[in-house]
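Participant: Residue numbers (this note's numbering), protein chains in the order written: chain P, 534 to 792; chain X, -6 to 311.
Derived from the structure by calculation, the hints contain no laboratory data.
In this text, all values refer to a predicted model and were calculated from it rather than measured experimentally.
Don't take every hint at face value.
[Said to hold, decoys possible] Here are the simulated SDA-like pairs of lysine to any residue, each with C-alpha atoms no more than 20 Å apart in a straight line: (1) X/K270 to P/G614; (2) P/K686 to X/N229; (3) P/K737 to P/N554; (4) P/K764 to X/H147; (5) P/K738 to P/G614.
[Stated by the list, open to error] Listed next, the stretches of chain X that the computed footprint assigns to chain P, with coverage defined by at least 3 CB atoms under 8 Å from CB atoms of chain P: (6) 15 to 28; (7) 44 to 56; (8) 69 to 80; (9) 128 to 135; (10) 174 to 184.
Backbone N, C-alpha and C define an ideal beta-carbon position, used for all residues, glycine too.
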Amino acid sequence: MSALRIAVCVKRVPAPGSRINVTPDGQSVDATNLGFTTSPHEECAVEAAVQLVELHGGSATVVTLGPVEAEEQLRYAASVGVERALLVSAGDGLNWDPQRTATALASAIASVEARDGVFDVILFGNESADSGGFQVGIRVARALGRPVVNGAKGIEVGDDVITMRRPIDAGFEVYELPRPCVIGVKEGINLPRYPTMKGRLASKKVAVEVIEGLDQPGGQARVRLHRPEEKASSTIILGNGPEAASAVVDLFAELGVLT
Amino acid sequence: MSVLVIIEHDRGAIASGSLEALTAARTLSSDVIAAVCGGNDAVATACAGYGATEVVDLVHPFLHDYAPQAWGEAVAQLVTARQPDAVIACGTDRGNEVLAHVSVSLDVATVANVLRIDASSAGVWALTRVQWGGSLLEDVTLDAPTKLLTVAHHAYDMVPSEVAEYRTTFTPSLEGSLGSTMVRDRVVREAGVTLTTARVVVGGGRGVGSPEGFAPLEELASLLGGVVGCSRAVTNNGWRNHTDQVGQTGTRIAPDIYLACGISGAIQHWVGAMASKNILAINTDRDANMVTRADYAVIGDLHKVIPAISEEIRRRRG
Ligand SMILES: Cc1cc2nc3c(=O)[nH]c(=O)nc-3n(C[C@H](O)[C@H](O)[C@H](O)COP(=O)(O)OP(=O)(O)OC[C@H]3O[C@@H](n4cnc5c(N)ncnc54)[C@H](O)[C@@H]3O)c2cc1C
Ligand SMILES: Nc1ncnc2c1ncn2[C@@H]1O[C@H](COP(=O)(O)O)[C@@H](O)[C@H]1O
Chain P
534 MSALRIAVCV KRVPAPGSRI NVTPDGQSVD ATNLGFTTSP HEECAVEAAV QLVELHGGSA
594 TVVTLGPVEA EEQLRYAASV GVERALLVSA GDGLNWDPQR TATALASAIA SVEARDGVFD
654 VILFGNESAD SGGFQVGIRV ARALGRPVVN GAKGIEVGDD VITMRRPIDA GFEVYELPRP
714 CVIGVKEGIN LPRYPTMKGR LASKKVAVEV IEGLDQPGGQ ARVRLHRPEE KASSTIILGN
774 GPEAASAVVD LFAELGVLT
Chain X
-6 MSVLVIIEHD RGAIASGSLE ALTAARTLSS DVIAAVCGGN DAVATACAGY GATEVVDLVH
54 PFLHDYAPQA WGEAVAQLVT ARQPDAVIAC GTDRGNEVLA HVSVSLDVAT VANVLRIDAS
114 SAGVWALTRV QWGGSLLEDV TLDAPTKLLT VAHHAYDMVP SEVAEYRTTF TPSLEGSLGS
174 TMVRDRVVRE AGVTLTTARV VVGGGRGVGS PEGFAPLEEL ASLLGGVVGC SRAVTNNGWR
234 NHTDQVGQTG TRIAPDIYLA CGISGAIQHW VGAMASKNIL AINTDRDANM VTRADYAVIG
294 DLHKVIPAIS EEIRRRRG
């Protein structure tokens, strides 16, 4: 089997703690004092890309559409073993609608493929952590004319077909996709490695290619973000330490779960 | 106005989400078309039972089993033929996936996981949708000749509304390549009590400290006929399998009681647990988010509290 060419798309998102605050204009998450990350699904997609290259040879490219700061997420992927990085630059790219995002990603990927060759597999997260539109990967796949299935919790690359597993209520489904194809990955497919010191140093040297994002807004437009209503909670403290056990079991009895 | 609803079923077993989608469609129009790929009599009857004035069976060899791309293209062709004002599915993995394909085939937008629909202005609809798995909401406008959206699972109660069954068929024309995304095989495992069905979930977080630390949680769960869940800190450390993870990128649970032990209550964990009828937090930190948002709490070391609870249950049972 020839060496694999894999691309993996990740989105820079803020990493909120116990609550998500919104900026006064309602247009974005207030990221003051917050770090940034990607969706766990995408972390697993990056790990899957690195593992496939370790197994079959070839190379992996991480792609993001976003502001220049999204280089941080590209370098993180590089620190765990991805060799190439592509930033599709978009001024306020974190808030682009799904069609706009997918059009720009597909056109940037197509231009890289025209120069370097087709990606055998392009990996996406099942859904982005913040906007969760469940569609950017599908849109990019269709723009590139490739088959796509979401929800992967297992990927095996063969000479002609790529076998993929997707969990259902009791067990899993198996799909067989031709190469090249696009797959949406779910957390749990693997356990992402942490960057090593060596990996972190190497990631600083990875060249980040920048392509200006094609800007074509779609039909979904943000009006405002807001927090859902919270039910006012007053916690009943049943006690401190092991002495609380009796009160806890009384509660179980009251709720009828002590059968 | 007419609304087309994409019916989700697995080889003839209709998904409850589709009944929610039919209910949502009825709030917009009394003219509701149910589009069924590879269905059967039982699916058609269920659709009529939830107000579908017409059930269209889409018939093609690629639609005999689930095949996201073929389902999407087939529904898109039906939409082109029938010109409904809107297309709705339930926001499940399959519903979101198929509707995304429909939207690409029709070259329009699609909005995922909607909670509220304002269709008072025909040209541009105003929607409220889920972000961050439900921790945040987004008001959006949807500007498209045909409005495509999924309703978030459980956002609409399923309400029956019997109408006379009227069934038609539609035969799409599907290119050979569209068969490639069809399910090839299924591996079925013994189901038993799972995180989604359990009445009691005993969840452990970083505070449990190690894989072995879960033994007392397992014991308590089995005394209560429940199952063990965990936080992402736990799966990330490799202490437990991701199938046990509760939260935005794990499983959403709704037990009678959730015991959250050594879990701080980050928003992404909370959204997976908040549908629990009762939450009991066990934590050393009185100010942890899990404690302040829970219904009940025990302040203390879980390694001492949990065995004491199991002991008390055994004592009472004699
Ligand atoms: C996009 C995104 C998606 C995510 N999805 C999920 C998800 O699906 N599920 C999920 O869980 N997380 C998710 N996370 C991660 C989440 O933000 C938190 O990092 C994670 O939930 C923290 O796990 P924890 O509460 O176990 O650990 P910590 O936050 O470290 O909390 C440990 C708690 O244990 C308590 N403790 C310590 N020792 C003891 C003891 N001996 N007895 C009692 N209490 C003790 C501490 O007081 C503390 O409250 C996601 C994050 C992002 C960015
Ligand atoms: N701005 C972006 N840059 C790169 N990839 C993205 C971007 N937005 C979304 N994606 C990818 O598309 C997947 C699905 O996103 P969504 O349709 O927003 O749920 C994500 O998990 C990412 O893999």
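Participant: The structure should be examined with respect to each hint, and the outcome stated for every one.
Facilitator: Quick rundown of the hints versus the structure:
1. X/K270 to P/G614: violated, 43 Å
2. P/K686 to X/N229: holds, 16 Å
3. P/K737 to P/N554: Violated. P/K737 to P/N554 sits at ~32 Å, over the 20 Å cutoff.
4. P/K764 to X/H147: It holds: about 18 Å lies between the C-alpha atoms, which stays within 20 Å.
5. P/K738 to P/G614: Given pair P/K738, P/G614 holds - Cα atoms ~12 Å apart, limit 20 Å.
6. 15 to 28: Answer violated; 0 residues pass the 8 Å Cβ test.
7. 44 to 56: Coverage by chain P is violated here, the residue count being 0 at a Cβ distance below 8 Å.
8. 69 to 80: Result for this restraint: violated, n = 0.
9. 128 to 135: holds (count 8)
10. 174 to 184: holds (count 11)
Figure legend: structure checked against the earlier numbered hints; hints not met, in rising order: 1, 3, 6, 7, 8.
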